Amino acid sequence: MTGGVLLRALVLRWLARPRARSALAVVAVALGVAAFLASASVADTVVRSARAHVNQLSGGADLAIEADETGLPLQAAVAARSVVGVRAALPRVIGWARADGLTGSRVLVVGVDPMAEIDAVAESGGPGGADLRARPADALAFAAGRAALVASGLAETLELTVGAELTLIGPNGSLSYPVVDIVADGRMAKAAGGRVVVLALPAAQAVLGRAGRIDRVDIFLDSGSTSSSSSAPAVDPVRVTADLRAAVRAIAPRNVHVGPPRLVDSTAEDVMGTIDVAMRVGAVIALLIGVFLIHHTVAVGVAERRREIGILRAMGATRGQVLRVFAAEASVLGLTGGALGVVLAYVLARGALEGFAGAVTSAYFGTDPARVEVSPALAASGLLIGVVVALVAAWAPASQAARLPPNDSIRRGPDGSHGAGTGAVRRRFVAALVMAAAGSLLVVFPSTLGRTTGYIALLLLLIAFLAASPLVLQLAARAVSPLLTRWCGVPGRLAADDLLRHPRRAALPAAALAFGLALVIETSGTLESISNETVRWMDENVAGELFVSSGRSVMGGAGYTPLMAELGAEIARVPGVAHVVRVRFRRLPWRGTRIFVLGLDIEAYAPVWKLALRDGELADHALELTSGRGCFVSENFVLLHGLDVGDTVTLPGAAGETGFRILDVFNDYSWPRGTVLLDQPRMAEMLQDPLVDDFSVTLVPGADVAATSSAIDAALGADRDIVITSAAEMHAQARQVLADIFSLAYAQVAAALAVAFLGVLNTLWISVVLRRRELGLLRSVGATRGQIVRSIVIEAAVLGVVGAVLGLIGGAIVEWVLLRRILPADTGWAYPFHFPWATAAVVGVLAIVTSALAGWFPARAAARVPIADALGHE
Amino acid sequence: MLELQDVTKTYVQTRRRVEAVRGISLRVEPGEMLVLLGASGSGKSTLLHLLGGLDRPTTGRVLFRGDDLGTLPDDKLTALRRERIVHVFQFFNLLPTLTAAENAALPLLLGGVPAAEARRRADEALERVALGGRSAHYPEELSGGEQQRVAIARALTVRPEVLLADEPTGNLDSATGNEVLSILREMAGDEGRSVVMVTHDEAAAAIGDRRVRIRDGRIESVA
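Protein sequence lines correspond, in order, to chains A and B. So the first sequence is numbered by the working numbering: it starts at 99 and just counts up by one. So the second sequence is numbered by the working numbering: it starts at 357 and just counts up by one.
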């Protein structure tokens with residue numbers, strides 16, 4: 099009851115008034131929450147995509163036999179069927195191809211054993227969920243590899259109907275199939291965004307150029323034995339798994355995985371971890387700015403309601419009651435902001451984030467992305483974050499309200515100062531120094547707290563920055579005060595005075611701006627540093643003027659199809675071609691994560707070798723490499739896994755594990771968990787994998803790049819799905835992939851800047867409201883409206899300058915820590931630091947102008963307030 | 357010199373209309389010290405605001421040397437407040453970040469008078485109110501009476517034709533209040549200056565040449 103009265107007296111009526119600052123605080127929290135949810139939903143989507151790629155195609159199988167990219171012989175399925183407890187073992191081939199008429203994306207080709215599917219998955223109707231039992235002729239055509247089943251999504255896009263002809267273009271040429279059914283239901287139809295074609299195994303192998311190989315066998319156990327089922331299983335999945343391993347041991351590669359399908363990509367989180375955390379740094383900064391604004395809103399609210407608080411305390415309200423009332427107000431703001439943030443995150447997920455998730459998924463997992471979604475659990479966490487953030491932000495001012503002595507509050511009324519005295523400012527500065535010192539120590543000793551050291555250092559430095567900003571602002575105001583007085587007269591002097599008098603209040607927008615700018619600089623600088631270094635590295639280390647692949651450039655992400663290695667000989671015969679290097683890369687499971695295994699045809703590569711080795715030359719190790727005894731590893735591999743020259747890397751091969759002695763170390767930016775370079779023919783033997791991802795083609799001196807590209811295209815045949823990419827295009831694609839990956843960071847930057855702008859507007863508005871009487875006085879003694887406006891705009895511009903300087907310095911520090919401490923700890927990559935001067939100049943000027951503008955709006959409003967009202971304002 | 361012609365002032369608050377001034381006509385003569393007397397809420401401060409151009413009448417006219425303050429453009433009204441009709445408030449209304457001399461010089465500085473000239477005149481004005489030795493002090497370092505004298509000095513630096521004082525002794529003890537009253541009394545007539553003072557204190561009102569008693573927004577009596 100009492101709480102209700104207090105709530106009504108102090109909060110509800112207060113909030114019900116149309117107060118711009120409450121709205122601004124809510125919007126700030128909303129943007130922070132949205133940025134946070136966006137990061138979380140994208141990370142979730144990328145990991146989900148990596149898993150879904152497998153899961154959607156497994157048709158709900160209980161277990162799977164998978165050989166990564168190596169492939170399995172068809173006999174693996176036959177062997178699996180002999181295991182007791184296995185109801186069905188369904189072989190599948192999965193790969194990407196181009197569909198005639200479909201531009202901009204690939205289709206996922208799934209090869210199945212039709213008879214096995216019809217027999218085993220009767221409840222789902224048949225292969226891919228299609229029911230061909232009533233149409234023997236169609237079933238026969240499909241089983242014979244002469245017809246295709248098409249997912250409804252693809253059929254709709256291509257306007258295909260039953261009986262229409264579908265032409266698929268693979269690395270070996272084009273093949274056409276009549277459509278015998280269009281499948282709308284089932285997981286398979288929903289994979290790859292509905293762009294799925296189901297063929298009989300031989301047809302799929304023909305389209306994808308994988309004669310005699312299958313990618314996986316999906317295992318269905320006897321009824322009731324589902325591994326995830328809560329009912330009592332008829333068979334023990336653990337025993338069946340062991341039996342399956344034993345059954346396929348003789349015929350399948352040793353590195354096969356047998357187990358629940360989803361475990362195949364358990365490494366996704368590990369690979370995603372780095373990107374995920376980097377994204378969340380941005381979101382946390384955006385949320386921090388929201389914290390400032392809520393803090394400020396509640397603090398000013400407390401200052402303005404001193405009299406009411408005093409009256410209530412005099413009437414017997416306890417401190418706890420007052421504290422709870424202000425906590426309730428913050429909760430209302432936080433909950434509203436959180437709810438808005440969830441809505442905003444939904445909108446973002448439907449729009450801007452798709453490209454980002456796609457780029458990350460493609461680049462890191464070689465699959466198409468799932469749809470970005472904000473799950474109900476994530477939405478609930480958004481609301482919770484909103485409330486928690488608001489409560490944390492409001493705690494200090496709410497406690498202050500509870501501690502106010504009743505008599506003093508009533509007598510003094512509203513407190514316009516809302517600022518710390520010089521002592522408090524200095525104490526904060528000392529605290530800032532301590533935190534900065536601790537952060538700097540962690541930067542100097544980056545392994546003190548493991549992989550999280552860099553993040554903790556960053557957090558400490560950011561808080562130190564924030565705590566130091568009032569004193570920095572005071573010093574800046576003191577320094578510029580004479581200049582402002584000289585240049586701007588009384589308005590300039592008044593502006594400087596106000597900054598000096600209320601450093602904490604004034605520091606808030608400056609800090610908000612500084613944080614926003616720091617985020618811009620950090621993002622832009624990091625992108626430029628990584629982008630420039632990657633392109634430089636490609637220039638200096640990647641040999642070849644043309645790159646031949648199938649379906650898509652290998653840099654273009656998911657959707658390209660590996661080629662048969664023999665194609666290299668055809669390319670080598672094209673006039674103008676000097677060397678053709680076979681390139682194969684695989685992401686192999688290793689020590690709980692995945693490493694990048696890069697196969698280069700060393701014999702062909704030796705004449706054009708550009709890769710810089712740390713200790714020696716290629717010639718020193720060529721023999722050991724080509725004999726399959728040695729390997730090179732990347733610098734980040736050495737840093738992350740602690741192995742160096744002379745140690746042995748043991749890799750999972752088709753016939754068991756193979757050890758490679760580390761011969762030398764090279765610089766490589768292909769994979770955040772490290773790269774092992776092998777001779778491609780030896781790698782093909784080890785993995786029983788004759789395919790290559792692309793051919794790196796070096797031209798004879800003087801040969802025309804475009805003409806040779808056309809000649810290769812003509813020589814390989816127009817109906818083969820061949821893509822030829824020049825080195826320049828490859829560089830551009832690399833930049834584009836990086837830009838896509840950074841797109842979320844830029845979205846966060848936009849959110850942080852928007853919040854920062856709101857912060858400046860909010861704070862200046864509050865500042866003007868609190869100074870109403872003072873401004874009225876100035877008007878009463880003859881200050882013109884223009885002078886009032888100028889004074890506030892000058893103050894805002896000074897805040898902008900301080901915010902810009904702090905932001906640029908802070909951004910450089912954050913970028914440096916990220917590039918030189920956090921990324922190396924996470925990925926082993928230490929990119930050179932590059933300060934984004936052009937961006938800094940633009941955002942610096944923008945911050946000052948924006949800040950001045952943010953001051954102009956409330957200044958105009960303040961100058962228009964009738965003097966008598968302003969003087970009577972209490 | 358300064359004249360109110362059938363002036364009314366009505367405020368519209370959330371649920372009611374407040375008629376603060378109801379048809380007052382009054383003339384302030386050059387060199388005269390006029391005291392507006394009345395209880396709290398009688399409308400005397402509103403009247404003072406109307407006389408000084410801090411507020412505009414709802415109906416009627418406020419004339420200063422023939423100019424209607426109600427229709428004067430803002431820039432002219434601002435200049436008038438800065439140079440010719442100045443205010444002294446009950447709560448002094450000094451800027452806490454400026455010294456006594458800077459506060460006193462503020463209207464001149466706002467009007468573009470060179471800093472040295474403004475400072476010289478401010479020092480003169482502070483001397484006149486016996487604060488010559490306190491010119492470098494900030495308001496928080498001054499007593500209430502001294503702050504009010506700085507406020508009067510601020511009014512004097514511009515050598516105004518009219519000085520409007522709103523309860524100038526309301527926040528002071530009686531001894532200090534008397535000092536302030538005698539300064540104001542001195543100001544009236546000096547260079548033909550008029551002083552209009554609002555008070556609810558009968559004793560303070562005694563120093564006026566004329567006393568106008570206000571009640572419920574109307575003139576009750578003139579003595």
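Hints in this document: simulated from the structure, not taken from any laboratory. Here the structure is a predicted model, which is why all the values come from computation and not from measurement. Heads up, the beta-carbon is just placed ideally off N, CA and C, and yes, glycines get one too. Hints should not be assumed to be uniformly reliable.
Computed footprint of chain B on chain A; a stretch qualifies when at least three of its residues, placed anywhere within it, have a C-beta under 8 angstroms from a C-beta of chain B [said to hold, decoys possible]:
(1) 478-490
(2) 878-890
(3) 957-966
Sample of chain A residues with no beta-carbon within 12 angstroms of chain B, all distances over it, derived [unchecked claim]:
(4) 180
(5) 473
(6) 475
(7) 581
(8) 589
(9) 640
(10) 690
(11) 874
Hints versus structure:
no. : hint    : result
1   : 478-490 : violated (count 0)
2   : 878-890 : holds (count 7)
3   : 957-966 : holds (count 3)
4   : 180     : holds, 88 angstroms
5   : 473     : holds, 47 angstroms
6   : 475     : holds, 46 angstroms
7   : 581     : holds, 15 angstroms
8   : 589     : violated, 9 angstroms
9   : 640     : holds, 64 angstroms
10  : 690     : holds, 63 angstroms
11  : 874     : violated, 9 angstroms
In summary, the structure is inconsistent with hints 1, 8 and 11 from the numbered list given earlier, while agreeing with the others.
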